[in-house]
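Chemist: Okay, here's what each chain looks like letter by letter:
There are 2 protein chains.
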Amino acid sequence: MLNFEFCSPTRFLFGKGTENKAGEMIKRYGGTKVLIHYGGGSVVRSGLLQRVKESLEQEGIEFLTLGGVQPNPRSGLVYQGIDLCRKENVDFILAVGGGSVIDSAKAIAAGTLMDCDFWEYWKVKKPITKALPVGTVLTIPAAGSEASPNSVITHEETLVKRGCAGEALRPRFSILNPELTFTLPAWQTASGASDIIAHVLERYFTNTKDVEVTDRLCEALLLTVIRETPRVIADPTCYEARASIMWAGALAHNNVVGVGREQDWATHAIEHELSALYDVTHGAGLAVLFPAWMTKALPHNPKLFATMATRIFGIQNTGDDAETGALGIQAWRDFFTSIGMPDNLRELGVKEEDFEYMANRLLLKPDGTLGNFVKLTPDDVVEIYKSCY
Amino acid sequence: MLNFEFCSPTRFLFGKGTENKAGEMIKRYGGTKVLIHYGGGSVVRSGLLQRVKESLEQEGIEFLTLGGVQPNPRSGLVYQGIDLCRKENVDFILAVGGGSVIDSAKAIAAGTLMDCDFWEYWKVKKPITKALPVGTVLTIPAAGSEASPNSVITHEETLVKRGCAGEALRPRFSILNPELTFTLPAWQTASGASDIIAHVLERYFTNTKDVEVTDRLCEALLLTVIRETPRVIADPTCYEARASIMWAGALAHNNVVGVGREQDWATHAIEHELSALYDVTHGAGLAVLFPAWMTKALPHNPKLFATMATRIFGIQNTGDDAETGALGIQAWRDFFTSIGMPDNLRELGVKEEDFEYMANRLLLKPDGTLGNFVKLTPDDVVEIYKSCY
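Going line by line, the protein sequences match chains E and P.
Numbering follows the working numbering, with no gaps: position 157 of the first sequence is 157.
Numbering follows the working numbering, with no gaps: position 201 of the second sequence is 590.
Worth flagging that the hints you see were computed from the coordinates, not collected in a lab.
Quick caveat: nothing in here was measured; it's all calculated off a predicted structure.
Among the hints, erroneous ones may be present.
Among the chain E residues that face chain P by a calculated CB cut under 10 Å, a handful are [stated by the list, open to error]: (1) L2; (2) F12; (3) T214; (4) D215; (5) L277; (6) T307; (7) A331; (8) D334.
DSS-like mimics (lysine-lysine), calculated; alpha carbons at most 30 Å apart, straight line [claimed, not checked]: (9) P:K515 with E:K21; (10) E:K130 with E:K53; (11) P:K598 with E:K21; (12) P:K410 with E:K130; (13) E:K209 with E:K125; (14) E:K16 with P:K515; (15) P:K405 with E:K125; (16) E:K130 with P:K740; (17) E:K16 with P:K598; (18) E:K303 with P:K405; (19) P:K519 with E:K130; (20) P:K685 with P:K598; (21) E:K375 with E:K126; (22) P:K740 with P:K692; (23) E:K209 with P:K405; (24) E:K16 with P:K764; (25) P:K519 with E:K27; (26) E:K16 with P:K692; (27) P:K754 with E:K16; (28) E:K375 with P:K405; (29) E:K209 with P:K410; (30) P:K410 with E:K125; (31) E:K21 with P:K422; (32) E:K125 with P:K416; (33) P:K519 with E:K33.
Quick reminder that beta carbons are idealized off the backbone N, C-alpha and C, glycines included.
Looking at chain E on its own, in the form it has when it is part of the complex (with noise of 0.2 Å):
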């Protein structure tokens, strides 16, 4: 195991209307003018945004309103925000929404504080040290950005998509209501779910040795996914297999379950492209890329396959590990369109055409390749993107 320090200090308050805590929250953590920052419609027409504001009220707490917050959160938005936030002394950040209205909101919470623009952080992933406190309710579990010290940002002009993260990012509260995700539609929901796996399964494929409690911890959050997440598509009410997907939501990226052991992030910086670009929901974007990324991978280290493939789907070993292992790889492309997701990219509206292009937008390390399990380089991408072409 690799030295670590870990510290996630963020309060979680998990149940039934709970969203009706916000503004104690918000009193406890000193918060006195708050910006709520929110998405589309839905939170509007839920009810939900009018109980959180009437909540805040109940504590006699100041408070102004930014919604519009796309998915795939762009930086325009970013700005108006930070604006708002110093003309008008915002003094603590509300989060209503999923992952994108989150990491919008840690974005506008770092560049309030910030003397130069904001953008300077993070399209070179510079940490962020201060930022407005932010809490957070949770519409959509997906991002884990509830629970995790990262951002992830499209910029407006230049379409080019970039992770910041920082402790100072950490929510101070997270208000996980799971009957706020019953209204979740379909593909949403199993999205949501790709994301929550593609978090572990990036902390899981490493070359660090012999980390059994956290391969173990690892494994726990995605046998808990892959069971729920047929579940709630069947039957979207059903509460316990929510609150199972939103609470593994949140360890899958508070990285409770991924420190002492390098972790890989290829597939997220290939992902982020197809989102900067088409706009593709991240999660079903995760779900085609994975198993080829894995694919790919899987030379590297049969053996961690092999013991995927029989610890997640009960995958008796052949005898042979790559084999083993490429069961194991076929079972998730098996999973993932079970959920609804699509198992290639033209489904998904990208151009065979722009491989090369996205390729050689990545944020690449200084020996010139991504991710650690094993180091791609752009051809290699383009390789994949080929892969599940």
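Once you have looked at the hints, place chain P on chain E.
Modeler: Chain P alone, transformed into the frame defined by chain E:
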């Protein structure tokens, strides 16, 4: 899943050499005058105490020391510590040792700020709301106190052993260097592992239905400790196995795997009577009692026991859940004895004539019972004691 609130703000510094950062961490958390609290001679002999002191000196942090904590820590030393902290205006307590040292440090930290006798809180488990900040350098993975809001103390005169809890008791930071556990004798290693397992089992056996995510996370920790304990007993300096046990020990008791589910905790209470009266090693007592408790609890939910048997020990379901569950219980017994734990109370020096006395000293709930998964009367407890005598 039940509604819950979860916040684990402890900062974990994990890995080789991390004890040298004790001073840096105390400074980060605002400590200026520190009580270093420790147990017997091993931290002195190993040079650990000296290294920690040097780390504080390097940061210019003033400190005093109080050693002498014994296993099943006593109230007498807690009172001494409280007096010392008040007299010397101590503002931070650093525990260097295992769970007993940390629990004693927590009691001192809370007691120093009370305007009554600290035992007034412990004897009735009144929640702790304020305490001096505590940091830890862990030397025995077992009690989970390095990550928990709990502290268990035995009263010097009455030999009553009680656990107390409160968010104020969560350590600000915990330093976990697996190398510091290389010198643990097999008995202590195995007792510690049994304690970790027991913390998970107290959470695993629940009446809360359909909680897949925490079921799976509990199983992940159990599988880890079952795999790694024999490895470290065979090879005490196996870093990776020691590391997995150490991280599992922290997660087994910071409650991340136990949120949203009713928990049992009868077996811990039943064991505390042994430790209080006979100074039994806590983990060893648990290793004897847990299979006995399981046998009593089996009829309450055979299906859960069968699931445990299958997922933890790979036992195939015979078609009869109770039978399969019983095989799982036997597998636990076999596991505990395989790592050198006893399988009966006699070996621990417990006397049959004390069973009734011990059962009658238990702190029962208002309805006169103990535990949640199954509700035990004092007579049931006597029966359990007898069944593993």
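Chemist: None of the hints should be skipped; say for each whether it holds.
Modeler: Evaluated hints:
1. L2: holds, 7 Å
2. F12: Given a least distance of 5 Å, the restraint on E:F12 holds.
3. T214: holds, 7 Å
4. D215: This hint holds: E:D215 lies near chain P, its Cβ roughly 8 Å from the closest one there, short of 10 Å.
5. L277: At 35 Å from the nearest chain P Cβ, E:L277 fails the 10 Å test, so the hint is violated.
6. T307: violated, 13 Å
7. A331: At about 18 Å, which exceeds the 10 Å cut-off, the nearest Cβ of chain P leaves the hint on E:A331 violated.
8. D334: violated, 20 Å
9. P:K515 with E:K21: Judged against 30 Å, a Cα distance of about 25 Å means the pair holds.
10. E:K130 with E:K53: holds, 27 Å
11. P:K598 with E:K21: It holds: about 26 Å lies between the C-alpha atoms, which stays within 30 Å.
12. P:K410 with E:K130: holds, 23 Å
13. E:K209 with E:K125: Holds. E:K209 to E:K125 sits at ~28 Å (cutoff 30 Å).
14. E:K16 with P:K515: holds, 27 Å
15. P:K405 with E:K125: holds, 28 Å
16. E:K130 with P:K740: violated, 60 Å
17. E:K16 with P:K598: holds, 16 Å
18. E:K303 with P:K405: Within the cut-off at roughly 28 Å; holds.
19. P:K519 with E:K130: The given pair, whose Cα atoms are some 28 Å apart, holds under the 30 Å limit.
20. P:K685 with P:K598: With a Cα-Cα distance of about 20 Å, the restraint between P:K685 and P:K598 holds, given a limit of 30 Å.
21. E:K375 with E:K126: Holds, at about 22 Å.
22. P:K740 with P:K692: violated, 35 Å
23. E:K209 with P:K405: holds, 16 Å
24. E:K16 with P:K764: holds, 27 Å
25. P:K519 with E:K27: It holds: about 20 Å lies between the C-alpha atoms, which stays within 30 Å.
26. E:K16 with P:K692: holds, 28 Å
27. P:K754 with E:K16: Between P:K754 and E:K16 the Cα gap is close to 27 Å, so the pair holds against 30 Å.
28. E:K375 with P:K405: Holds, at about 27 Å.
29. E:K209 with P:K410: Status holds; Cα separation ~26 Å.
30. P:K410 with E:K125: The hint holds at about 27 Å.
31. E:K21 with P:K422: violated, 38 Å
32. E:K125 with P:K416: holds, 29 Å
33. P:K519 with E:K33: It holds: about 29 Å lies between the C-alpha atoms, which stays within 30 Å.
In terms of the numbered hints stated before, the structure departs from hints 5, 6, 7, 8, 16, 22 and 31, listed from lowest to highest.
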